[in-house]
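Sequences are here, hints too, so could you generate the full structure?
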Amino acid sequence: MSAAPTTLLVVDADATVVEAGAGAAAALGLPGEDPTGRPLAALGARASALLPLVEAARAGRPAEGAEASALALGEGRVVLALPVVETSRAVAGLSATQVLDSISDAFLAFDEEWRFIYVNERSEAILGRTAEDLLGTVVWDEYPEVVGTPFEAAYRQAVATGQPVQVDSYYEPFDMHFSVQVYPFAGGLSVYYTDVTETRRMEAALRQSERQFRQIAETLPQLVWSSPADGVPDYFNERWYAFTGMPRPDEADDETEARGRHAAWATYLHPDDIERARARWQHSLDTGEPYEISYRLLRTEDKAYRWFIGRADPLLGPDGEILRWFGTCTDIEDQKRAEVALRESQERFRLVSEITSDFAYGVRLAADGSLVTEWVLGAYEEILGVPAEIGGRADGWAETLHPEDREAAQGRFAQLMAGEPISGEYRICRPDGTCRWLRDTVRPTRGPDGALTGFVGAASDVTAQVEAELALRQSQARLDMALEGGRIGSWEWDIDSDVLTHDARAAELWGTEPGAITTADEWFGLIHPEDVPDLRDHIAEAVAEGGRYGAEFRVMLPGGGVRWLAGRGTVVPEDGAAGVLYGLNFDVTDRREQEEALRQKNAEMERFAYTVSHDLKSPLVTITGFLGLLKGHVSAGRTEKAVAAADRALGAAERMGRLIEDLLVLSRAGRPAGEPEPVDLDALAGRLAGELRGRAGQAGGVLVVREPLGGVVADKTRLAEALENLLANAVRYGLGGGGTRVEVRTEPTARGALRLVVEDDGPGVPEPYRDRVFELFQRLDTGGDGTGVGLAVVARVMEVLGGRASVESAGGPEGREGARFVLTFPPQAVARDRSSATAPSLEHTLHTS
Amino acid sequence: MTSMDTAHPIVPLRILLVEDDDDHAELTAVALESHDDRHQAIRAHDGAEALDVLYQRGDHAGAPRPDLILLDLNLPRVGGLEVLAAVKQDESLREIPIVVLTTSDAESDRVRAYRYHANSYLVKPVDFPKFESMIHELGNYWARWNHRP
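Sequences listed follow chains A and B, in order. Residue 1 is where the first sequence starts when you use this note's numbering, and the numbers rise one by one after that. Residue 1001 is where the second sequence starts when you use this note's numbering, and the numbers rise one by one after that.
No lab work stands behind these hints: they were computed from the structure. Bear in mind that the values here come from a model prediction, so they are computed numbers and not experimental data. A few of these clues could be false.
Going by beta-carbon spacing under 10 Å, a handful of chain A positions derived as facing chain B [to be verified]:
id, residue
1, Asp494
2, Ala544
3, Tyr549
4, Met605
5, Ala609
6, Ile623
7, Thr624
8, Gln778
Just so it is clear, CB atoms sit at the ideal spot from N, CA and C, and this is done for glycine as well.
Encoded structure:
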């Protein structure tokens, strides 16, 4: 080494100046500049010329040149001694020895005999001995513990090979870890060593920490990575590889390739996120600030991007330098989706609110128990006519309620305050005096402790609907009332699809169960066959013309019988379809029956008038005729003939009188004479038979009452008239026609009715005349004193009593077939307290007197 | 009463009088006799007897065929319309003219009578002179002016 004045320059492994002595810049031809931190190669020609020396020193070769000498310091560092240029020489004043003493690392040198020839200050400190004390002593004597250690081996190897040796080992006597560079030189050995105890400990701790980190990382649900300070990950957890599909390190050809792939981590991001993520990462690398970013990562499994939040924190060394980065990627897709959904939902709500006049609100229950409007969304102002007052008191809400709705609303509010969700409709009266119907659904909100904190609600303006519904309900109620009151059934028939629907009243009118009839044909199946063709025509016509239909028809009831219904309908056409026939049915049976009864009455009346006029005119013709003859006879003095003609006229007048009398009886027969009462038939028949005893005897027969006859409940007077006529008829035509006996008896029927029989053994009534004999003025005889009214009276009385009169053959021999007249009393008219069926028979025979 | 018109003499009629009322039958007979006492009246008391006469059955086995039938409608047993229908449906009897003679002026009777081919429909007047006059005109028509088959 030169003893000339020099200045020193220390470069690191990258040949960058890390320390520069005074005058060094000048020595490099760069007076006034600070070469520190700049690569030697960038400091100009003089500096670049020093590079071969640096290399030589590092290689352990002699490194002495004209411009400088170099000495390796370990870890690639080299100290260069530069001659001080004139201008700087005076201020330099430093020797290589001083430089060596001043460097922070320990340095010592041995001669060929292993004697200490140099010990710098740092070495003195480490060895705990002064240079003075050590110089000249043999290392193996002073430090026998070194023998057998890797250090001794390295020293001897360097001497033996002439090559620098590097050793890194623990030295137990000092409990220290040294990194030692051994450089042989002619006549000795220089040893540069550094106390790396702390570094090694840290490295071990780091390794341990890294192992633990990886263990933890593999169990975390996130994607985890770590990288050295340069930011290129050297570790990803298994989850990363599985998620991204990045080949695992053991799938790579070599470490470089694996590292290259790791460096390309950003390629797994969504293209739109790559640049942002790289920039953000670079920023953290540059500044050491924690890294946090949202981005989308491609999932290899389904080639879908999912949102992640990426985070990384640096691990700092003792001096604040970054040792490693640890990072995680957390899947926030679901959260993102929820956020998006929430945003969309809010947006949708906002849009819907605008369209549907809805609003939502939140109310907080303040500590003092008052209600505070926290937020309002939607068409609040449009509906209520006043702007929402966020943060204002909400207690005044109840005052805007329509008075009729307050009680119910307050009831619901109490429920809400008890923690129950509520829903209801009420009217809010606006400042302009108008009221709006709101449909409000409110839910209580609770704090973490479960206590009620307020409520949130959603309200819609349903004024139009409510009013329409109200009108509809009123209309429906009126319609129902009308239909119910009028026993009107309604139905509708979808013509194209042939679907018939109807209400319960319609079903009742049709004699079916509700829902039993679903098509038109099923319905026509209920209709009396005689009415079907006309009805079909009516309906078809209405359908064809899209108009109305109206008809009256009979439905056949399941229990027999028919019901007259009136049908009214209207076809409501639809576009492209036949439409729907809406119809109503109502019962017109009573009217129809009344009409029928009226028709029958009219016909009867007509017949009556006809027969009366005929039969009354007949004696009149006789009277006038014979009076005419009488006149002639008197004029001609034919006294005898005159008297005969007068007799004929008188006879006809008498007959006319009888006829009029009988007609009066007949006219009364249709009117009740008294209330129905129990009638003892034995007593009645006994009395009437007694009255006719004389006439029966004159006719040469007997009249027999076979007791007991029992009793009926009937109009006694009318029944007496009927029975009297019947008995008189039997005496007149039965006995008068050659019969010998008239018998009165009763016969119960299987159905609980009672037959009162008046039977004779006279000529009988030939079959063709059996119905006609009960008609007015119908007589089988010619001449005689019958008026042809008696049996008509019988028939009329029985009709009014709810029974009927009939005649049948008594079953006698030809010519004496006999007539059996029967009065049939319905079960309800039969007195139950007496029975004629089981009582012994007793005959009263009325003989000719 | 006899006719003075020699150019159109009365040809006496055999008349079947179907009438249940004895008084009416007698009055009709009196009126016919006063028209021409050569007329011959056969009395039937009801429709059944009238058919017996026409078919010459039972008690009327030898009854002559009438030239004219005077028929009441309201008769016991077989009614006047039934007699009318029976006669007009019978090939051998339908040429006999039938004059319905009744107290009924009901339209339904009139319509039915003509439907069954009655030759005439007369309502008995209540006034006897009118009745007699009607019978005389009837007699003139059928006995004097009408040419029989």
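Cross-check of the supplied hints:
1. At a threshold of 10 Å, the smallest CB-CB gap from Asp494 of chain A to chain B is about 51 Å, leaving the interface hint violated.
2. The beta carbon of Ala544 of chain A comes no nearer than 40 Å to any beta carbon in chain B, farther than 10 Å, and the hint placing it at the interface is violated.
3. For Tyr549 of chain A, the interface hint is violated, since its Cβ never comes within 10 Å of a Cβ in chain B; the closest pair sits about 36 Å apart.
4. This hint is violated: Met605 of chain A has a C-beta 13 Å from the nearest C-beta of chain B, more than the 10 Å allowed.
5. Because the smallest distance between the Cβ of Ala609 of chain A and any Cβ of chain B comes to about 9 Å, under 10 Å, the interface hint for this residue holds.
6. Given the 10 Å rule on beta carbons, the hint for Ile623 of chain A holds: about 9 Å separates it from the nearest Cβ of chain B.
7. A hinted interface residue such as Thr624 of chain A counts as satisfied when its beta carbon comes closer than 10 Å to some beta carbon of chain B; here the least separation is about 5 Å, so the hint holds.
8. Interface hint at Gln778 of chain A: satisfied, since its Cβ lies 8 Å from the closest Cβ of chain B, which is below the 10 Å cut-off.
Hints 1, 2, 3 and 4, counting from the list given before, are not met by this structure.
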